[in-house]
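**Q** Chain by chain, the residues run as shown.
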Amino acid sequence: MKIGVLASQGAFAEHIAALQQLGVETLPVRLLEELTGLDGLIIPGGESTSISSLMLGYNLMDEIRSLAKNGLPMFGTCAGMILLAKRVSDLSVEPIGVMEITVKRNAFGRQKDSFEAKLPIPVLGEKPFPGIFIRAPLIEHGNSGVEILARLADGTSVAARQEKLLASAFHPELTNDLRLHQYFLDIVAGRQ
Amino acid sequence: METGTWKVKTGLAQMLKGGVIMDVVNAEQAKIAQEAGACAVMALERVPADIRAAGGVARMADPTIIEAIMETVSIPVMAKCRIGHFVESQVLEALGVDFIDESEVLTPADETHHIWKHDFKVPFVCGCRDLGEALRRIREGAAMIRTKGEAGSGNIVEAVRHMRAVMGSIRKLVDTSQEELMTQAKEMGAPFELVAEIHTTGKLPVVNFAAGGVATPADAALMMQLGADGVFVGSGIFKSSNPEVRAKAIVKATTHFQDPKIIAEVSKNLGEAMPGLDIKQIPTEELLASRGW
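Line by line, the protein sequences are chains P and Y. To convert a position in the first sequence, counted from 1, into this note's numbering, add 3. To convert a position in the second sequence, counted from 1, into this note's numbering, add 126.
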């Protein structure tokens, strides 16, 4: 199994480290040719405007969009979730736009409002997941076919799955909890 | 829900990695920076080259400028306060900036003490010339470190010196035996627990950017190859003849820092870089890097 991690900008090294701990071959992806032969792709946290303009500059956008439509499993965290969403409010950039979700950027406010919260994620078992939200987005709406995997105590949706596409508003790559990465690998392997 | 934790402070710095943070003095420049792919902007009243030329006391920017920039862009907005001026940083926190740079580019307010940055919910970045200075700032609460370089000089030599000093000392600490760590901590003037941590992990506990003298795409890639996690560009963009094109080129060179063909490609037809200064010709008392300890 070979998983690519989009390495245009952001916390890609943290995702690579998490995947390596799970014993998976990983590849940082910056150029078009690095997208061939992957079993899955992670789009990391970072600045969505910055990542988007670097993807456009090196023609990655169309290829990633078509790979997603053809069933390549993808996992987007924070900025990655924004880029996977079909509809994004307050977006000055072009998203990949393959998940039937509406996402609001910087939904909780500026950095002073960034927070940690223990999140119940039923598909990962009973133990709450350490949610790290940094200038995080939220999911305003998911169309049919989208399963909401996690909500904050006030009901706000912060993680979702649509077939082989997975998205979280928080950063599992900044924790030592590998369960969400493992869940993604299970999707890739067809076990989930 | 807990805000202002060490994890969310250092986490924001991690999200900036592989990116370029650009100095801007108004909303229009901030927009250009965002469109070029900057991962954050630094809101200032004057870029360092102009601060250097103007002389006198350089202070925190007018809040009107900072607010105008915050309203214009959706990427994180940083702002500078003077070294030791904890009221300027209180003001910046109240304005809602995303990161504060306790910066030697402004005239220090305290020549002996830096700000105790753990008192704040907003994260801080601080400059350093070597590993000891980096670890002192981190222990005071800096969630991100950058080289000091020599701001406004357009000359990369000091940033290279500082990055090599930090990375070289880290490599040395990894090879140091346990009983020598305390001596190392004493010699560097660094907190022992952080020295011991680096001995084990082989890396800084926070993100480390390059700053002070980056003027070209190749400068940015040089700093990345020397081990920087990302790059600050101060005067280098808006003091050049074609800021839009140069900004985009530096962003691309920072991502593709290991790919000389791409660096060559983006280095073409950039127009004039900012005028540079020979560090030896800057009078000692005007060197910004020697401010702070």
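It is worth saying that the hints were derived from the structure and are not from the lab. Treat the hints with caution; some may be incorrect.
The calculated DSS-like cross-link candidates involving lysine-lysine, where the alpha carbons are at most 27 angstroms apart (straight line), are [claimed, not checked]: (1) P:Lys115 / Y:Lys298; (2) P:Lys72 / P:Lys130; (3) P:Lys121 / P:Lys167; (4) Y:Lys247 / Y:Lys312; (5) P:Lys121 / Y:Lys133; (6) Y:Lys329 / Y:Lys298; (7) Y:Lys133 / P:Lys115; (8) P:Lys121 / P:Lys5; (9) Y:Lys157 / P:Lys115; (10) Y:Lys329 / P:Lys130; (11) Y:Lys329 / Y:Lys133; (12) Y:Lys247 / Y:Lys394; (13) P:Lys89 / P:Lys72; (14) P:Lys5 / P:Lys115; (15) Y:Lys157 / P:Lys121; (16) Y:Lys312 / Y:Lys329; (17) P:Lys89 / Y:Lys157; (18) P:Lys89 / P:Lys130; (19) P:Lys72 / P:Lys5; (20) Y:Lys298 / Y:Lys312; (21) Y:Lys157 / Y:Lys394.
Covered stretches of chain P, going by a simulated chain Y footprint (3 or more residues, C-beta under 8 angstroms) [to be verified]: (22) 13 to 19; (23) 43 to 52; (24) 70 to 77; (25) 133 to 145; (26) 180 to 193.
This structure is a prediction, so every number in the text was calculated from the model and none was measured. All C-beta atoms, glycine included, are put in the ideal place defined by N, C-alpha and C.
**Q** Enumerate the violated hints, using their earlier numbering and listing them in ascending order.
**A** 1, 2, 4, 8, 10, 12, 14, 15, 18, 24 and 26
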